[in-house]
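K.L.:
Can you build the whole structure from these sequences, using the hints too?
There are 2 protein chains.
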Amino acid sequence: MLVYIAGSGAMGSTIGYHIEKNTDSRVILLDYWQDHIDKINENGLMVSGKVEDKIKIKAMRPEEAEEEADLIVVMTKSMALEAMMEAIKGIIGEKTQILCLLNGMGHEKILEKFVDKNQINMGVTIWAAGLTGPGQIEITGKGTIDVQNIGDDEENGRKIARLLDKAGLGAKYDNDVMFAIWRKVMVNGTMNSMTSLMECTIGEFFDSSRSKDIISELVKEFTEVGRAEGIDLDKKEMLEYIYKTAEEAKDHHPSMYQDLIERNRKTEIDFINGAVVEKGKAHNIATPYNKIVTQLIHAKEDIRGAK
Amino acid sequence: MLVYIAGSGAMGSTIGYHIEKNTDSRVILLDYWQDHIDKINENGLMVSGKVEDKIKIKAMRPEEAEEEADLIVVMTKSMALEAMMEAIKGIIGEKTQILCLLNGMGHEKILEKFVDKNQINMGVTIWAAGLTGPGQIEITGKGTIDVQNIGDDEENGRKIARLLDKAGLGAKYDNDVMFAIWRKVMVNGTMNSMTSLMECTIGEFFDSSRSKDIISELVKEFTEVGRAEGIDLDKKEMLEYIYKTAEEAKDHHPSMYQDLIERNRKTEIDFINGAVVEKGKAHNIATPYNKIVTQLIHAKEDIRGAK
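Line by line, the protein sequences give chains A and B.
Each residue of the first sequence is one higher than the last, beginning at 1 in full-length UniProt numbering.
Each residue of the second sequence is one higher than the last, beginning at 1 in full-length UniProt numbering.
Be aware that a few hints might be false.
So the derived list for chain A, only partly shown, Cβ under 8 angstroms to chain B, looks like this [what the hints assert, rightly or not]: (1) 210; (2) 211; (3) 213; (4) 214; (5) 261; (6) 285; (7) 292; (8) 298; (9) 302.
So these bits of chain A aren't anywhere near chain B, every CB distance computed over 10 angstroms [to be verified]: (10) 35; (11) 48; (12) 58; (13) 88; (14) 140; (15) 217; (16) 295.
Think of the hints as simulated: they come from the structure by calculation, not from any bench.
Heads up, the beta-carbon is just placed ideally off N, CA and C, and yes, glycines get one too.
P.N.:
If you want it as structure tokens, here you go:
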């Protein structure tokens with residue numbers, strides 16, 4: 001099986017590493033960062049953190065990929081997804097399955113422009129990783145991956161879940177992946193946006209006196225809109241999940257913080273807090289907390305001149 | 001006439017300087033910062049910025065003041081007002097007038113614990129100044145002061161306004177000072193809180209793409225609550241005033257930024273954005289934007305360990 005990782009940053013490389021290391025599938029990492037590609041091809045992918053390893057793996061630019069894919073794991077930034085799909089059109093055949101593990105909500109609409117619904121698998125992961133340099137990743141936690149085919153091809157969805165699980169990624173097929181996606185959006189929509197705004201670790205924000213009020217209001221809006229969309233979200237259960245996740249990652253800076261504060265890059269806020277504002281409008285549900293958080297993050301991008 | 005300035009930080013010293021310099025009244029600066037007091041008594045008060053000057057003026061600790069006051073201008077931080085009034089009880093006589101120029105809303109309730117309503121004058125100033133060191137102030141702009149007696153003693157209120165105007169402070173008696181106070185709270189509640197949150201200048205925030213939306217929502221809540229309180233506030237007019245003020249002060253860091261970011265001190269957010277949230281509750285008006293801004297500033301105080 002030929003697996004491409006379309007977008008080989010910290011998380012993409014982590015997934016590619018596990019599949020290449022632990023299964024018979026071939027993996028090709030696709031990315032636009034030339035230095036990253038060159039270092040991987042010259043020295044292999046260096047892994048630190050929970051695992052110390054070095055692995056030989058192929059990397060190239062999206063436009064250089066030629067061989068038809070069995071599976072493409074898309075792991076770009078949300079804003080870059082459509083351009084990536086356009087760039088790799090040539091390796092997508094009728095039997096190619098896509099697995100989308102991007103943070104946030106609404107990416108299936110972009111994928112449907114390029115492939116049939118039966119070829120689309122939505123997923124959610126809570127693995128945590130960082131890029132420590134070109135060709136170098138740090139895996140900072142052990143996670144899970146939930147996968148579901150959003151068309152009628154459950155068989156292929158299950159095959160993907162089995163592959164990822166065999167790779168050591170803690171994967172399972174999940175008949176209610178939208179629930180898991182919304183739950184993760186809530187985790188991102190609280191700890192990612194808040195630590196980026198406050199420029200602190202997850203623990204520093206969660207320990208501050210007003211964090212409970214802020215998180216409670218954000219999650220209230222998320223669950224109201226989610227329920228209007230047919231997702232069975234319980235506020236109390238979501239809060240427990242968020243606090244448990246935050247406790248486990250308290251010394252961590254989430255990906256949005258890494259993007260905005262460490263690398264001065266634009267964030268995916270429109271696909272996280274911004275997405276619930278947009279969905280809320282459709283159901284006539286007010287989401288002022290998520291709205292101002294989205295606006296403040298964009299303001300911060302502007303002030304910092306984030307690219 | 002004997003005038004005390006109770007709280008002689010940047011603004012208190014600026015007012016004291018003008019009165020001492022340009023009128024026959026005697027001025028005594030009261031403060032708890034011993035180094036500041038000593039430097040002023042040894043070398044005089046050093047003034048830079050719009051004016052370059054050095055003036056001989058008396059400074060002491062509040063508990064050292066003994067002579068009964070004709071006028072006390074209170075210029076502490078909001079949170080320190082009650083303790084200051086307690087400390088200077090001994091210099092307040094039946095004829096002593098109080099002028100309160102603190103940022104924010106609700107201070108008259110504290111003053112009424114110590115003096116009759118006829119002795120209380122509320123005011124609002126848009127002078128801008130900073131402390132550059134002990135005994136040193138920088139006056140960064142020219143402003144105005146509006147004064148109104150909140151009891152029945154308009155005559156004494158007018159006398160105070162004339163004194164301050166003679167001092168060169170651009171003062172006038174204002175029969176609708178609550179309007180001016182609310183308008184200033186809106187200026188503080190947009191530019192002070194936002195620049196503190198974003199750690200930027202006024203201009204940097206106002207130039208950012210989402211600032212218009214954020215300011216518009218904050219001002220909408222302020223004007224709704226203000227109107228419910230009987231203050232004739234027009235949203236469009238307020239926005240014009242805020243934008244004009246912001247343009248004039250675009251390179252400036254407001255006092256809240258100086259407190260929180262430069263000096264790591266707790267802010268007056270509860271008397272600004274927090275005050276409209278509290279007043280909104282009484283009128284059953286939702287103020288989510290002001291609420292989260294208040295919570296975020298408190299979160300930031302906690303994370304920074306502000307004192």
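K.L.:
Each hint: holds or not?
P.N.:
Evaluation of the provided hints:
1. 210: Hint on residue 210 of chain A: holds, closest Cβ of chain B at ~4 angstroms, below 8 angstroms.
2. 211: For residue 211 of chain A, the interface hint holds, since the closest Cβ of chain B sits about 6 angstroms away, which is under 8 angstroms.
3. 213: 5 angstroms, holds
4. 214: 5 angstroms, holds
5. 261: It is violated, given that the least Cβ distance between residue 261 of chain A and chain B is near 11 angstroms, above 8 angstroms.
6. 285: Hint violated; residue 285 of chain A Cβ to chain B Cβ min 13 angstroms, cut 8 angstroms.
7. 292: The hint holds - residue 292 of chain A has a Cβ within 8 angstroms of chain B, the shortest such distance being about 6 angstroms.
8. 298: With a minimum Cβ separation of about 5 angstroms from chain B (threshold 8 angstroms), the hint on residue 298 of chain A holds.
9. 302: Holds. Min distance 4 angstroms.
10. 35: Given a closest Cβ separation of 31 angstroms, the condition holds.
11. 48: The claim stands: residue 48 of chain A keeps its Cβ more than 10 angstroms from every Cβ of chain B (closest is about 28 angstroms).
12. 58: 40 angstroms, holds
13. 88: 32 angstroms, holds
14. 140: 22 angstroms, holds
15. 217: The claim is violated: residue 217 of chain A sits with its nearest Cβ about 7 angstroms from chain B, within 10 angstroms.
16. 295: The claim breaks: residue 295 of chain A does not keep its Cβ more than 10 angstroms from every Cβ of chain B (closest is about 4 angstroms).
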